[in-house]
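So the chains spell out like this:
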Amino acid sequence: MLDVEGRKIAAELREVFARGVDAPLDDATFDALARRVFAYQFERNEPYAAYCRRRGVTPEDVDHWTRIPAVPTAAFKHLTLVCGPLEEAEAVFRTSGTTLGPEQRGSHYMLDLTLYHASLVPNFAAYVLPDGAELPMLALVPPAKQVPDSSLIHMIDVVMDRLGADGSGYFVDPAAGILEDELDRALVGFIEQGTPVCLIGTAFSFVHWLDRLRERGRRYALPPGSRLMDTGGFKGRSREVPAEELRAMYAEWLGIPDDHCVNEYGMTELGSQFYDTVLRERVKTGAAGPRHKVAPPWVRTRVVSADTLEPLPPGEVGLLCHWDLANLGSVLAVQTEDLGRETDDGGFVVLGRASGAPPRGCSIAMDLLLEAAREARP
Amino acid sequence: MSEAAHGSPLDAFHLPGLDPAEIEGWTVRQYGDGVALRFPQLRPDQLTAVLRCLREHRARVLADRPVAEIVAAIAAAAARLAREGDPRRRVALEALPAITGYSPPMVRLVLDRMVEDWSEPSLLSLLRSEFRDPGVLDGFRPHPSGEVGQRTRAFGPELAFHIFAGNVPGVAVTSIVRSLLVKAATFGKTASGEPLLPVLFAQTLAEVDRQLGECLGVTYWPGGSAALEAAAFEAADTIVVYGGAGVAEDVRRRAPAGRRVVVHGPRFSLGLIGRAALAAGVVDETAAQAARAVAVFDQQGCVSPHVYYVEQGGETTPARFAERLAAHLARLETELPRGAISPAEAGEIQAARADAEARAIAGADVRIHAPRGTGFTVIYDADPAFAPSPLNRTIRVKPVADLADAAELVRPVARLIQTVAVAGAGGRLDGLAERLGRAGASRITSLARMPWPPTTAHHDGQEPLRELVRWTDIEE
Chain A
1 MLDVEGRKIA AELREVFARG VDAPLDDATF DALARRVFAY QFERNEPYAA YCRRRGVTPE
61 DVDHWTRIPA VPTAAFKHLT LVCGPLEEAE AVFRTSGTTL GPEQRGSHYM LDLTLYHASL
121 VPNFAAYVLP DGAELPMLAL VPPAKQVPDS SLIHMIDVVM DRLGADGSGY FVDPAAGILE
181 DELDRALVGF IEQGTPVCLI GTAFSFVHWL DRLRERGRRY ALPPGSRLMD TGGFKGRSRE
241 VPAEELRAMY AEWLGIPDDH CVNEYGMTEL GSQFYDTVLR ERVKTGAAGP RHKVAPPWVR
301 TRVVSADTLE PLPPGEVGLL CHWDLANLGS VLAVQTEDLG RETDDGGFVV LGRASGAPPR
361 GCSIAMDLLL EAAREARP
Chain B
379 MSEAAHGSPL DAFHLPGLDP AEIEGWTVRQ YGDGVALRFP QLRPDQLTAV LRCLREHRAR
439 VLADRPVAEI VAAIAAAAAR LAREGDPRRR VALEALPAIT GYSPPMVRLV LDRMVEDWSE
499 PSLLSLLRSE FRDPGVLDGF RPHPSGEVGQ RTRAFGPELA FHIFAGNVPG VAVTSIVRSL
559 LVKAATFGKT ASGEPLLPVL FAQTLAEVDR QLGECLGVTY WPGGSAALEA AAFEAADTIV
619 VYGGAGVAED VRRRAPAGRR VVVHGPRFSL GLIGRAALAA GVVDETAAQA ARAVAVFDQQ
679 GCVSPHVYYV EQGGETTPAR FAERLAAHLA RLETELPRGA ISPAEAGEIQ AARADAEARA
739 IAGADVRIHA PRGTGFTVIY DADPAFAPSP LNRTIRVKPV ADLADAAELV RPVARLIQTV
799 AVAGAGGRLD GLAERLGRAG ASRITSLARM PWPPTTAHHD GQEPLRELVR WTDIEE
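Protein sequence lines correspond, in order, to chains A and B.
Read in order, the letters of the first sequence are residues 1 to 378 in my numbering.
Read in order, the letters of the second sequence are residues 379 to 854 in my numbering.
Quick caveat, the hints were computed from the structure, so don't treat them as lab data.
The structure presented is a predicted model; accordingly, all values stated were derived computationally and were not measured.
Don't be surprised by glycine CBs; every beta carbon is placed ideally from N, CA and C.
Sample of chain B residues with no beta-carbon within 10 Å of chain A, all distances over it, derived: (1) Q581; (2) V640; (3) G659; (4) D783.
To give a feel for the contact side, a few chain B residues facing chain A, derived at Cβ under 8 Å: (5) V549; (6) G571; (7) R645; (8) S720; (9) A732; (10) A736; (11) A740; (12) R750; (13) L769; (14) L794.
Input sequences plus hints: build the corresponding full structure.
Laid out in structure tokens, this is it:
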């Protein structure tokens, strides 16, 4: 739970979030809120304050939200970035293990899940259910109670509970993998009824499932209005499939058209998420438009130079940096390791992680060396 | 940039026996700075014809040529590439920065050092170090056993197919040179990271010695051209492949039975700096050499260090040494600037810095010395556990109580070690070398020599010429 001051700010923020993604939050209003949140965090989050002081920045020096120091995602691995005692956390979400090994997982302590939900629900509804549809949500993830530290699964749990229709459910067992037969029965049933569905899952779980469908020659023609939300990279958990090819597979094996496939970009370290605008544009204007993501009004996203961390003009590739008011209980400004570029209309495109680039010469890539070091350990 | 490398695409192939009229299409690769290279789109049957041609030329003009003449021809070509004003040298200096990503001063430095490796004295000493009597490549010579009546002779491959990788200029040429020294018809498939210098070398060699030039083919084709590679595997009796483990396994799987496959995989290097090199009078020179070893090839070479282990108890502490190292890397930013890197590469450096800073805030003894941009990064980290670098001039400095501890710390990854530079170990060098060698390192050297293995170095622990030959003995 947040402290008294935090609860006061959170109440205001919930009001802002409740206005939805179409209610503009002008720069002055965002700035005032962001600086208030920054001052709040600087006072309570000692490692973050130390990070700011190393840069010579205190709340008095910040005359605009753009000058609020962004902590790199790596900081969540080594520091406890939270604005209160740990025992006040209502949940802790952890990043999945990376090539650096399981001991290097980042932790995001949630002092106020209602604020997290207040950001999540209207944003998800706007981009995945822009037509107001109430659909059975079929999730290719295990239930939240089995994986309590996954922010993604928590998120799916909440939207299924708040926005999902009867017949929603989970189709992955942590031990057994994708429950193909159950999923098949559910899909056949909805097809017979003519009920459109919303499939939700990680990109790698979809790849696994679609590979199985292909092996078995099993093809579905899901009712019109059916849609799909996928998220995340592959991290060696399935073969790598480029996003466009994956969407072509969704069309071929599930009958879900391209503009009904919405990719979500989220991270454990952020309270808010980002979605492809295609389905929303399609519903609102009749045309899907270019595929990109936009931040909800309570988040500002900038693309900064990977070399200097200075902001870049639209079109240039750099690292994505987010200022997210939903991160009230931790750190609102987060510097990611994700590459992207800003589009001309204020949206952005995610281009993947800035890691695993093969060395150009004859030296060895970092992750291969780390892997070798781990293999050698008894 | 002048016209030499600008404007219309440069032809980056040397394919004796291919009729230009038969080229059906072109692959053009655009690099930055207006540099473009052009390669013919070969059909497998065209490639097979080129390879047949190389073999026939070899039988006619190379198989019986004295090795001394081959050395002289290669050295003459190298001398041309070393001469200011040589048109191909100019093309190399102008185009390689855009192609490889190295800065112009780096390209010049690397080219000049590599060309020395192809000089007559270097090649003769390579031949002598591997064969003692290089005449074994020309005819039967007394067997090293010294037995009366026993003689021996070395035969190189009839056709060696080289698959190159990486962007370090000169590595591919050195491979070609070795192959020609053992009188193999030689065909090189270049890497997209550096497809130019091998061609400039081949063209120069053909000019210096037409016959030798007709035994050498070089071109590029995009990865995954399985039919072309199958044709080359079929024609060659020896395959030399550079690249990661996956590439080598793939080649071994696809090569027809009976082919000799020689693999040069990626390796990494590190440095050990002992108390004697940290004394007040010498530490600056130590730091200067250590900085240079990081800067050369922008740390992308297999000879480039990922980490320096610095001994405690000397006149300079490891943490102070890290500062000195940073000062020298800063100086090198002007003298030998780093090349352009991609946002992904810069992002990896930012991630390493972020990780270090977070650990410092968490209380670890970690200090970062770096400019605003990613030009260089020195991370002093009191935790001695081995940690790799994202490269492009990002170096970790770690303290050890004794240099011998470092040998232990890198043991888990030692089979991937190429070079270990050792400074200030005094009489402990042999003992350290013994431990490092046992673990897998193939070269122990000084910081100054670190980036530049001599021609006679055992390449990844093997003898590069002997790896290519087979032997016939006579017992009378």
